[in-house]
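Protein chains: 2
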Amino acid sequence: MEITLQQTAEFFRENDDFTLICHSNPDGDTLGSGYGLCGVLHIMGKRARIICDDEPSSRFDFLAEAIDPRLTELAKDADETIITIDVADVELIGSLKDRYPDIDLCIDHHVSNKNYAKRLLIDNTSASCAMVVWELIKELISEKQLKETPKARAIAAAIYTGISTDTGCFRYSNTSAKCHHTAAELMAYSFNVTKINYLMFEMKTRERISLEIEAFNGIEFYWGGKCAVISLTRQMLDGIDPEDASNVSSLPKQIEGVSAGIVFKEKKEDVWKISVRTDENINAQTLCSALGGGGHIRAAGCTLKGTLESVKKAVLSEIEKQIDNGVKEL
Amino acid sequence: MEITLQQTAEFFRENDDFTLICHSNPDGDTLGSGYGLCGVLHIMGKRARIICDDEPSSRFDFLAEAIDPRLTELAKDADETIITIDVADVELIGSLKDRYPDIDLCIDHHVSNKNYAKRLLIDNTSASCAMVVWELIKELISEKQLKETPKARAIAAAIYTGISTDTGCFRYSNTSAKCHHTAAELMAYSFNVTKINYLMFEMKTRERISLEIEAFNGIEFYWGGKCAVISLTRQMLDGIDPEDASNVSSLPKQIEGVSAGIVFKEKKEDVWKISVRTDENINAQTLCSALGGGGHIRAAGCTLKGTLESVKKAVLSEIEKQIDNGVKEL
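Protein chains in written order, with the numbering used here: chain A, 69 to 398; chain B, 69 to 398.
Be aware that a few hints might be false.
All copies of an identical chain are treated as equivalent in the list; a pair is satisfied when it fits inside any one copy or across any two copies.
[Said to hold, decoys possible] With a Cα cut of at most 20 angstroms, we get these calculated SDA-like pairs of lysine to any residue: (1) Lys-272 x Gly-236; (2) Lys-341 x Ile-308; (3) Lys-212 x Tyr-168; (4) Lys-215 x Asp-145.
Hint data in this document are derived by calculation from the structure and do not stem from the laboratory.
Make the full structure from the sequences, and use the hints.
Encoded structure:
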């Protein structure tokens, strides 16, 4: 059942012990939203903790550092309230689903939300879950009350992290005027914007740089440079952090003149995960749907079985159809 | 003489033929500010053109495309009004200084402005010149008047480009709440934010990628990875666009654990231009000042003469002083 912001605030006031669940492969939005809300619940005198099926990347360590561990211990025999944060489908909490079959509240922004929770606070016009949480925070405590606590800066930084990561630092097409308005509000709390965005977008491990070099060294171009292809074999991906590997997906599309950037990653023998990033000349969704996958018009994916040569041929022939058709504006 | 926003608007209303001068090595702020203002002057029925001593990078082509060339022809025997945009020092307009020795108005945001123009509209608290120009535009024409013209989108996009480039897409420490407020206002004109930021921050030439690979292949680490050094010889830089070469300066600092990222570029035999980027553990300004250069605490530079080995030794010994002193927070 969908509930309003006011009803959600009331629900938080009525309960005392909260377990906030972030989605697996946690990103800046689920973690920033979770830690921001957790911090506010602590200010309200509640006990609240964050759990996640996967260990977050160390680049998110600063979010947890501001949390007082004493307040994350739930009361003995507490009637634990279970809340999912930025989780469109309960499957996305992984094995935690078995431990927590009943979700009391889901706070989310995905259009694809499966409506699996008893209560649902959703704004699917919002670019990030963090913006939904920020509106909720403003219902829960006054600006004055927030500003008086030493935690205010960390809470604002957490919410900002969610907005920044889900919009690619205000660059993706989901970036709205509201994203900028909220960022402006948050900046009154003077956290270190530069440091956060360095951690989120600039910092690269040495392993990632090595992988990028290897990837670029083997890059292939088709149709006079309109299509760029990178292939990563299991050998190249061996020992590579999945986060580092996933970031490679955006590389070929960055090259000047490339309308379709494709990355082939070997998952196991003869099984390839394919990421497609396109500009306005190619529809990635149409392309990947034709191959049994899916996604968005500018970013989509599919999984194909076969040798690298055969799966590459399959993908390139789908691209050729669109290049032949001279699709210009999608 | 410093004049107010209102006086500046009045000055524009009183004159008819404007030459707007952008600084040499033009960036998104000087060009975005210039083209945004130029577009508004055309709406007001004025004639206005943009000039610059250097050819802008093709990534800025979209700015000029919205300009009506008929309106950039100044009237015959016009009393040409000369305006510099985002130009702190008249030396920065290069050879145009000889053609235009008298500057009627300078619109700028640099603290270091040399006050060389007859009139000066400056806000040195502003992160970008484009934000100063946007305030001026709001004095010159009403929101209604702007929204009614087909050029509104291009003008908003130009101003946005200035803010985005001068703040590193809202990541640098100069990013203020006002930057986000202005961005939010501009987004009402629904230009293509994704496309602009792709052009400004993501798109890389093949030559740049090759240079990055070569740079990373020769990277050296010192003090257990706290310092990373890239050296670019004249041979490596031969035929490379200066814009591509300059972007390499930020690479070594991106590596996890690196407090000082140094790039040595060979300008001519035994002359090295050195760029230093640091985190809060090292003061780049102190370091480069000690070597006869200067800059900011996180980004500075100097030029040294000698062999690569000798200049590297000089820079590393300055870094060692700070690492030895255990400087933590600057």
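Against the structure, the hints come out as follows:
| no. | hint | verdict |
| --- | --- | --- |
| 1 | Lys-272 x Gly-236 | both (16 angstroms within a copy, 18 angstroms between copies) |
| 2 | Lys-341 x Ile-308 | within (16 angstroms within a copy, 35 angstroms between copies) |
| 3 | Lys-212 x Tyr-168 | neither (36 angstroms within a copy, 54 angstroms between copies) |
| 4 | Lys-215 x Asp-145 | neither (33 angstroms within a copy, 61 angstroms between copies) |
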